[in-house]
Amino acid sequence: MRNVGYYISFFFLILPTLGFSFDKDQLENDLVEKGFENVAVVLEKRHLMVTYENRIYRDEIRAVKAVTSLLLPHVEDIETVTLIPQHRKIPLLAITIPAENFRSVSNGDKPLPIEVSLDVDAAWRKIGATPRTNSSVFKFDIIVHPQFIASFGDFEEPVKSQINLAPELETTLWKGASLSAQLIIPLQNELGDDGDELRPRLLTFNQTVRFPRQVFASTTVGYFTRNRYGVDFDVKKHFANGRWSLGANIGYTSFAEFVGGAWYYSRIGYLTTLLNAEYRVPEFDLSFRAMYGRFLFRDSGVRFDVSRQFGEVDIGFFALQTGEGSNVGFNFSVPIFPPKYLKPGRIRVSPARSFSWGYRYKGLPQGGRRYSTGNRLEGFMKRLQPDYVKNRMVAEED
Amino acid sequence: MMRRKWIWILGLSLALLFIRQPERGFSQSMTGTTGLLTIPTAEMLRDSELIVGTSLIHRKHIVLGQNDAEYHGMANFVTLGFLPFIEVSARLTRLLDSPNPQAIGDRMGSVRLRVLAEKQGLPSVVLGGHDIVTSFGDDIPNNNFNALYLVTSKHFRLDPAINRLGLHLGYGVDWIVAENREFVGLFGGVSISPRSFLTLMLEYDTEKFNTGVRLSAFEHLELLIVLLNFDSLSGGINYKFRL
Numbered sequence: 001m002r003n004v005g006y007y008i009s010f011f012f013l014i015l016p017t018l019g020f021s022f023d024k025d026q027l028e029n030d031l032v033e034k035g036f037e038n039v040a041v042v043l044e045k046r047h048l049m050v051t052y053e054n055r056i057y058r059d060e061i062r063a064v065k066a067v068t069s070l071l072l073p074h075v076e077d078i079e080t081v082t083l084i085p086q087h088r089k090i091p092l093l094a095i096t097i098p099a100e101n102f103r104s105v106s107n108g109d110k111p112l113p114i115e116v117s118l119d120v121d122a123a124w125r126k127i128g129a130t131p132r133t134n135s136s137v138f139k140f141d142i143i144v145h146p147q148f149i150a151s152f153g154d155f156e157e158p159v160k161s162q163i164n165l166a167p168e169l170e171t172t173l174w175k176g177a178s179l180s181a182q183l184i185i186p187l188q189n190e191l192g193d194d195g196d197e198l199r200p201r202l203l204t205f206n207q208t209v210r211f212p213r214q215v216f217a218s219t220t221v222g223y224f225t226r227n228r229y230g231v232d233f234d235v236k237k238h239f240a241n242g243r244w245s246l247g248a249n250i251g252y253t254s255f256a257e258f259v260g261g262a263w264y265y266s267r268i269g270y271l272t273t274l275l276n277a278e279y280r281v282p283e284f285d286l287s288f289r290a291m292y293g294r295f296l297f298r299d300s301g302v303r304f305d306v307s308r309q310f311g312e313v314d315i316g317f318f319a320l321q322t323g324e325g326s327n328v329g330f331n332f333s334v335p336i337f338p339p340k341y342l343k344p345g346r347i348r349v350s351p352a353r354s355f356s357w358g359y360r361y362k363g364l365p366q367g368g369r370r371y372s373t374g375n376r377l378e379g380f381m382k383r384l385q386p387d388y389v390k391n392r393m394v395a396e397e398d
Numbered sequence: 399m400m401r402r403k404w405i406w407i408l409g410l411s412l413a414l415l416f417i418r419q420p421e422r423g424f425s426q427s428m429t430g431t432t433g434l435l436t437i438p439t440a441e442m443l444r445d446s447e448l449i450v451g452t453s454l455i456h457r458k459h460i461v462l463g464q465n466d467a468e469y470h471g472m473a474n475f476v477t478l479g480f481l482p483f484i485e486v487s488a489r490l491t492r493l494l495d496s497p498n499p500q501a502i503g504d505r506m507g508s509v510r511l512r513v514l515a516e517k518q519g520l521p522s523v524v525l526g527g528h529d530i531v532t533s534f535g536d537d538i539p540n541n542n543f544n545a546l547y548l549v550t551s552k553h554f555r556l557d558p559a560i561n562r563l564g565l566h567l568g569y570g571v572d573w574i575v576a577e578n579r580e581f582v583g584l585f586g587g588v589s590i591s592p593r594s595f596l597t598l599m600l601e602y603d604t605e606k607f608n609t610g611v612r613l614s615a616f617e618h619l620e621l622l623i624v625l626l627n628f629d630s631l632s633g634g635i636n637y638k639f640r641l
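Protein sequences, first through last, are from chains A and B. Numbering of the first sequence is given in the numbering used here, commencing with residue 1 and proceeding in unit increments. Numbering of the second sequence is given in the numbering used here, commencing with residue 399 and proceeding in unit increments.
Chain A extracted, bound-state conformation (with noise of 0.2 Å):
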């Protein structure tokens, strides 16, 4: 599957010659076979509708790709096709692919005729009803996060670490509803004697919610990272199809630390409060990102990232200034092998889809430090923005 516009011409100019009938019933069940989840069909005179949500391929560009392939066998006198893929049944952006644009294309006249649209809302108005196959919900994963965590700069021990294995069990209750509990498994530790306990990291419900007009909210309670419990608010706007965003983050936490078989917690929390936003330069999947509120450690000020895509790999650097000081560094994210996991059962093991690391130029503990619900919406979308999409299929294309 190296060539999207191959298939494509193949399943509008090709197979229609030979006469194939569509069977809405074989390609649900193709689908499902192939293991993905939430899956239905819809036929609405020449335009065929299509929705998923992938848990078996890492890459949810390969996803698509291979959603198209298994749509070659089912389609005739097809004008459009729209994929919806979904996250936890909440649809996420819709790829159409009209006929008139592949056959130009086929001609050689017109760029890779693919729309990405972020506005789902008239394509799953159709779809969305639909009885759908092989849910996703009460559904286990076990997915196993490497960590590494170093520290650096001490004179006697310039480099100290720590290796943890952070095994996370997952489920969907209901539409954008997840249950969720992580642990560490210390492997190695020169950070400290907390860090040889077997500990929690996340145990967390959230409702993730999707409203007209692109706008995202989620809303996390349960135990976070770097020692906080309480509820985490966030909210999200796309404009321009998702070039621009707003977005909004409001948590309420509390100190607690599971140390020695037991809870230690404060009663006493405080707010953090940070606005973004976000823009998107098409050309190259770069974004920049301006964030501004009140920090964990009530530490208030401003941080700037800039990141770039770089096909499964992001790579970008930060600036913050905060009242604890000033402070630069870099992050990145690299995919974990493999490609493509066992189908989704009632439990399942997998890796994580990818590892991250971040560096930063100074310490400070206390500056700028944000807590990880493990739900952030910046994630929800799965890497899925229009450009990135359009972008992906074209290269691959070339």
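By construction, these hints were calculated from the structure, which means they are not laboratory data. Everything numeric in this text was worked out from a predicted model, so none of it was measured. Some clues are possibly wrong.
Examples of chain A residues lying across from chain B (beta carbon under 10 Å, computed) [said to hold, decoys possible]: (1) F148; (2) F304; (3) D305; (4) V306; (5) R308; (6) F317; (7) G358.
From the structure, some residues in chain A lie toward chain B, with a derived Cβ separation under 7 Å [claimed, not checked]: (8) I149; (9) F152; (10) F155; (11) P158; (12) V313; (13) F332.
A few chain B positions that, by computed beta-carbon distances, are all more than 12 Å from chain A [stated by the list, open to error]: (14) F480; (15) P521; (16) V531; (17) N561; (18) V571; (19) F595; (20) F628.
Backbone N, C-alpha and C fix where the C-beta goes; we use that ideal spot for every residue, glycine too.
Please build the complex by placing chain B on the supplied structure of chain A, with the hints as guidance.
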């Protein structure tokens, strides 16, 4: 003795057999940024190209902390073509076997911006800043390899014996507060690539002349052999690939 000689001949033959035309692109100096031997040039990495490498710098020519030409230096670097016109680099430099505490070594970040791409009749122009993240708000600067410069490069195709000729000229200023600086004043050099895997270089780094050779292999691997000031053997090795 004869056996050792044949092993050498076999090894060299195999190495030459596998040496291939490198992909179009440019190479790293010992400092980690794209350049000749030590000086930066207006050549840039290709978009999304990543290089990891290490260099050994002769003790007479590394200025770091209290080193008084006693210990050789080692520079480990990662350089990325972050955008088609921006190259970023991170480098860690340590003195080898120094009894003085160095923590993890001297950290250095660099950014280079191409303001003009090379065209027929026009050279490429790059604005660069090395070790620009200094003490960052502290009173005492601790940047040892600071540089701020404008550099131009122009390449020519010549007869088959020379193949590719590169001319490079730059000027650096001392506008950033720093503990130590490099490339302040006029610097420049010339590179000749008679074969696709071989580049011969001569440069002036504002203080001394250096010469050296770069060998490329397997499209990804590069070896740099340098004579700093024509008397101090140094060198580096790096591996490059595209993300």
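| Can we confirm that no CB of chain A comes within 12 Å of the CB of V571 of chain B? | 23 Å, holds
Discussion item. Please check whether the beta-carbon of V531 of chain B is more than 12 Å away from every beta-carbon in chain A.
Written reply: Non-interface label fails for V531 of chain B: nearest chain A Cβ at 6 Å, not farther than 12 Å.
* V313 of chain A as an interface hint toward chain B, with CB separation required under 7 Å -> Holds - the Cβ of V313 of chain A comes within 7 Å of chain B, reaching about 5 Å at its closest.
The output says F480 of chain B does not contact chain A. Does that hold with a beta carbon cutoff of 12 Å?
With a cut-off of 12 Å, F480 of chain B comes too close to chain A, as the shortest Cβ separation is near 6 Å.
| said: Checking hints one by one. Is P158 of chain A an interface residue toward chain B, by the C-beta closer than 7 Å rule? | reply: This hint holds: P158 of chain A lies near chain B, its Cβ roughly 4 Å from the closest one there, short of 7 Å.
message = Can you verify the interface hint for I149 of chain A: is its Cβ closer than 7 Å to any Cβ in chain B?
response = 15 Å, violated
Was F595 of chain B rightly flagged as not at the interface, with every chain A Cβ beyond 12 Å? At about 27 Å from chain A, F595 of chain B clears the 12 Å cut-off, so the statement holds.
Is the interface hint for R308 of chain A satisfied, with its Cβ closer than 10 Å to some Cβ of chain B? 6 Å, holds
Minimum Cβ-Cβ distance from P521 of chain B to chain A exceeds 12 Å:
25 Å, holds
task: Would you check whether V306 of chain A satisfies its interface hint, that is, whether its CB is within less than 10 Å of any CB in chain B?
output: 9 Å, holds
Taking 10 Å as the limit, does the beta-carbon of F304 of chain A come near enough to a beta-carbon in chain B?
14 Å, violated
Open item on the list: Given a cut of 10 Å on the nearest C-beta pair, is the interface hint for D305 of chain A held or broken against chain B?
Closed with: Since chain B brings no Cβ nearer than about 13 Å to D305 of chain A, farther than 10 Å, the hint is violated.
In this structure, the earlier hints numbered 1, 2, 3, 7, 8, 13, 14, 16 are contradicted, and the remaining ones agree with it.
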